[in-house]
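**Q** Below are the chains, spelled out letter by letter.
Number of protein chains: 2
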Amino acid sequence: MKKTTFSPLFWPVSLNRNTIYVLDESLLPERLAYIRVKNYEQACTVIRQMKTRAFGQVLLLFYAFLLVIRQNKGRHSQVTVLKKVAQAFNATRPTLPFKFLTDMILGWAAQDLLLETMILGFLEVLQSSRIQQARQVADFIKDEETILTHCNVSGLMPLIGQFCQQDGHRVSFFVTETRPYLQGMRLTAWELQGAGFEVTVVCDGAAGHLMAGGLVDKVIVGADQLAQNGDVANKIGTLSLAVLARHFNIPFYVLCPPASQAATGKDIKIEIRPEKELLEFQGKRIAPTGVKGLYPGFDITPAELITKHIHMEL
Amino acid sequence: MKKTTFSPLFWPVSLNRNTIYVLDESLLPERLAYIRVKNYEQACTVIRQMKTRAFGQVLLLFYAFLLVIRQNKGRHSQVTVLKKVAQAFNATRPTLPFKFLTDMILGWAAQDLLLETMILGFLEVLQSSRIQQARQVADFIKDEETILTHCNVSGLMPLIGQFCQQDGHRVSFFVTETRPYLQGMRLTAWELQGAGFEVTVVCDGAAGHLMAGGLVDKVIVGADQLAQNGDVANKIGTLSLAVLARHFNIPFYVLCPPASQAATGKDIKIEIRPEKELLEFQGKRIAPTGVKGLYPGFDITPAELITKHIHMEL
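Going line by line, the protein sequences match chains H and F.
Per the working numbering, the very first residue in the first sequence carries number 1; after that it's consecutive.
Per the working numbering, the very first residue in the second sequence carries number 1001; after that it's consecutive.
I should point out that these hints are in silico values taken from the structure, not numbers from a laboratory.
Bear in mind that the values here come from a model prediction, so they are computed numbers and not experimental data.
Glycine included, every Cβ here is placed at the ideal spot set by N, Cα and C.
Be careful, since some hints might not be right.
20 Å max Cα-Cα, derived EDC-like pairs, lysine to aspartate or glutamate [said to hold, decoys possible]: (1) H/K276 <-> F/E1198; (2) F/K1276 <-> H/E198; (3) H/K276 <-> F/D1139; (4) H/K73 <-> H/D143.
Listed next, with one range per pair, are the computed distances between beta-carbon atoms [what the hints assert, rightly or not]: (5) F/D1103 <-> H/E277: 42 to 50 Å; (6) H/M104 <-> F/H1309: 53 to 61 Å; (7) H/P258 <-> F/L1215: 28 to 36 Å.
With the C-beta cut set under 10 Å, the calculated list includes, among others, these residues of chain F facing chain H [unchecked claim]: (8) L1182; (9) W1190; (10) E1198; (11) G1213; (12) D1217; (13) V1243; (14) Q1261; (15) D1299.
Using the sequences and the hints given, assemble the complete structure.
**A** Here it is in structure tokens:
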């Protein structure tokens, strides 16, 4: 059996001594570079600046807590400090369920558990769960099928491809460019091509045309948040793909994080990003002067449009 | 009653003596400039370069014929020349039904009709038909409704808005940016804002989210080609909007050109544009090196997804 290799996006954050290294996704694919983070305030800034996205942000949160724990070892005030750190992370972005994660860490701390060991153990389980997710969804892919994906699932897509290959199944990929940040074009296409897969970029509006032409066998996307009832929040454009997949009878799979405390999608707050992220491109305005933009970062796909949730086994 | 004003896009081509003036849509919204066209070969080049789009291309074709007719007045070889011109236009782009138009002109020529008078008369009828289309669709819009549109319908959208206002109905607009050429962001939003309407640009993938949130009352788009059975070819992304509108029970109106000879949408050839139009932005590559792109310029929306075709009365 071939050795599995990982995309740099599969585990985009690491901790080495007192420095966290965060893959700067905003520089990809032109440059593979890491941002050094020395404290939790810097970590929060990196998140706000979208230098790393969904999964990278989760990893960064855990590593930032590890850093704080090491810096405050033995101090009586540790729990107070951890609460402050939790608040800072909770305030960074509304869509990601940071509170779920910070509550978990604070819960461990309150129970006087070996916090560092707990976090490191959790990250290890997280890693093997992600590999399991890729393995699980690969089971649904048949030989010569074409997968359509949107945005970026942090290294899972090339891993899915590799598992398909190990099963003797040739797969190819359509990737939506994913406006306005172009994560599909710039991250997913890059990592799939780097792993040797056949990958074709299309504009977001082309998904219907591809499906109508029988060119898509499966749609696989990730999720930024999973509600208790199975609704998911994911990158803007996901809902459109789910509706199209249903219309054209194409299976729609979602690689899910652990469920958040939101009961349904209606309880998930959709983050409205600054309009300039839509109206400017690489710092230059592309929209007519004075025209307004609306950029909801995410949309909600209701559970009934999802053929199968691929859950994490944590 | 307020005077109706026209967007520069409503009639983007004109003929003055021996020069055709073509609005260079590729420079909008930064610059309002016209390309001078002196012969039909230059006209074909302007079309291939997409300096003007659907409706502008139709106008340019007629004015180029007028030019040729004036230049060849009284010559015995006129019909031979006109056939050559027709062939040149037919070869420029597969999606637009140029053959339908050139056949019509050649038909007039074969019947020894006063060709110049016929063409000028046809253009006059074309203009009043377009105004009628805007008037007709405005009848469906109620007070305080929000219209979602895609790409650009050559000046019809501000006209629809003005007719709504004349009816005492306030309307606002969502415009998809329309990747990769951004005609929605750069043309439609520009002309709507210029006409004083409230207009908000969203990325193409946001349409589902807006509809799910009840923010869209009507979808109105144009069509590059209408088949005999009511299927339409229009800018890539239109099919996705039609499927979404059906899913969310939102009326979907199409402003149609005269029907072409295609029996159904299956008989319409979809033009595949050069991949660099997708993978580059303003001349600079934005996709990872070596990654392929697929850019179908149009998609087919089946008649059954269209609530109402707004036909031209020619």
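**Q** With chain H as the partner, please determine if F/V1243 meets the hint condition of a C-beta pair closer than 10 Å.
**A** 5 Å, holds
**Q** Quick check: does the Cβ-Cβ distance between H/M104 and F/H1309 fall within 53 to 61 Å?
**A** 56 Å, holds
**Q** Given the hint that F/K1276 pairs with H/E198, test it: the Cα-Cα distance must not exceed 20 Å.
**A** 18 Å, holds
**Q** Quick check on F/W1190 please, does its C-beta sit within 10 Å of some C-beta on chain H?
**A** 4 Å, holds
**Q** Does the interface hint hold: is F/Q1261 within less than 10 Å of chain H, judged Cβ to Cβ?
**A** Interface hint status for F/Q1261: violated (22 Å vs cutoff 10 Å).
**Q** Take the C-alpha atoms of H/K73 and H/D143, compute the straight-line distance between them, and say whether it is at most 20 Å.
**A** Violated, because 53 Å separates the two Cα atoms, which is more than 20 Å.
**Q** Would the hint on F/E1198 stand, with a C-beta cut-off of 10 Å toward chain H?
**A** 8 Å, holds
**Q** Mind checking the CB of F/D1299 against every CB in chain H and telling me if the closest is under 10 Å?
**A** 4 Å, holds
**Q** Could you check the hint for me, namely that F/D1103 and H/E277 are 42 to 50 Å apart, CB to CB?
**A** 48 Å, holds
**Q** Grab the minimum C-beta distance from F/D1217 to chain H and call the hint holds if it beats 10 Å, violated otherwise.
**A** 16 Å, violated
**Q** Against chain H, run the beta carbon of F/L1182 and see if the smallest gap drops under 10 Å.
**A** Constraint on F/L1182 satisfied, holds at 7 Å.
**Q** Indicate whether the distance between the beta carbons of H/P258 and F/L1215 respects the range 28 to 36 Å.
**A** With Cβ atoms ~31 Å apart, the hint holds.
The earlier numbered hints that this structure contradicts are 3, 4, 12, 14.
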